[in-house]
Amino acid sequence: MKWFFVLLGLLLVACGGETAVSSPPKSEAIACTVAYRAGVSQPIEREESIAFGDSDSEQTVAFTDLEFHAAYSAGELNNERALRVWVTSAGDETAVFHSTLYQLNLNSGPQNQFVGGHGFTGLNYSYHPTSGAEMQFWCEAN
94 MKWFFVLLGL
104 LLVACGGETA
114 VSSPPKSEAI
124 ACTVAYRAGV
134 SQPIEREESI
144 AFGDSDSEQT
154 VAFTDLEFHA
164 AYSAGELNNE
174 RALRVWVTSA
184 GDETAVFHST
194 LYQLNLNSGP
204 QNQFVGGHGF
214 TGLNYSYHPT
224 SGAEMQFWCE
234 AN
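In the working numbering, the protein residues as written are 94 to 235.
FYI, nobody ran anything at the bench for these hints, they're computed from the structure.
Please note that the accuracy of each hint is not assured.
[As the list claims (entries may be wrong)] Now the in silico label distances, taken between C-beta atoms and shown as ranges:
1. Q204 to S134: 32 to 40 Å
2. S150 to T187: 19 to 27 Å
3. V133 to A188: 32 to 40 Å
4. Q152 to E173: 18 to 26 Å
Just so we're clear, the structure is a prediction, and the values are computed from it rather than from any experiment.
Glycine included, every Cβ here is placed at the ideal spot set by N, Cα and C.
Can you build the whole structure from these sequences, using the hints too?
Set out below in structure tokens:
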């Protein structure tokens with residue numbers, strides 16, 4: 094029985110002490126594609142892509158009537174990895190027409206799951222209430 098306590102003590106000493114603060118594993122690159130047109134009967138006027146690496150970042154793509162915003166948190170500050178996307182009126186960030194938070198797994202990141210190449214968010218639409226302008230967007234893991 095004495096040996097049991099000796100081994101238990103050694104085990105506790107080996108496992109005890111300071112624990113290292115670990116960072117979350119590196120995330121996959123994320124790309125968001127945004128397409129804009131002045132109205133649903135108009136062709137796509139412009140398409141833009143933005144990309145996020147493994148650091149916190151916020152980006153905006155401005156069009157005539159709508160703006161696409163995306164903020165990525167890599168999880169180093171609070172151990173929560175997330176992508177927030179939102180659409181506002183151009184020049185007026187208080188008029189939010191669409192907002193979604195994607196909470197991402199720290200160990201595996203987002204998983205592309207939608208057919209048609211629409212990544213992990215699927216194809217989303219947002220409309221300006223007075224002009225009728227349309228924005229289409231999706232984000233995918235690369």
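Evaluation of the provided hints:
Between Q204 and S134 the beta carbon distance is about 35 Å. The supplied range of 32 to 40 Å therefore holds. Look at S150 against T187: about 22 Å separates their beta carbons, and that is inside 19 to 27 Å. Checked against the hint of 32 to 40 Å, the pair V133 and A188 fails, with Cβ atoms roughly 20 Å apart. The hinted range of 18 to 26 Å is satisfied by Q152 and E173, whose Cβ atoms lie roughly 19 Å apart.
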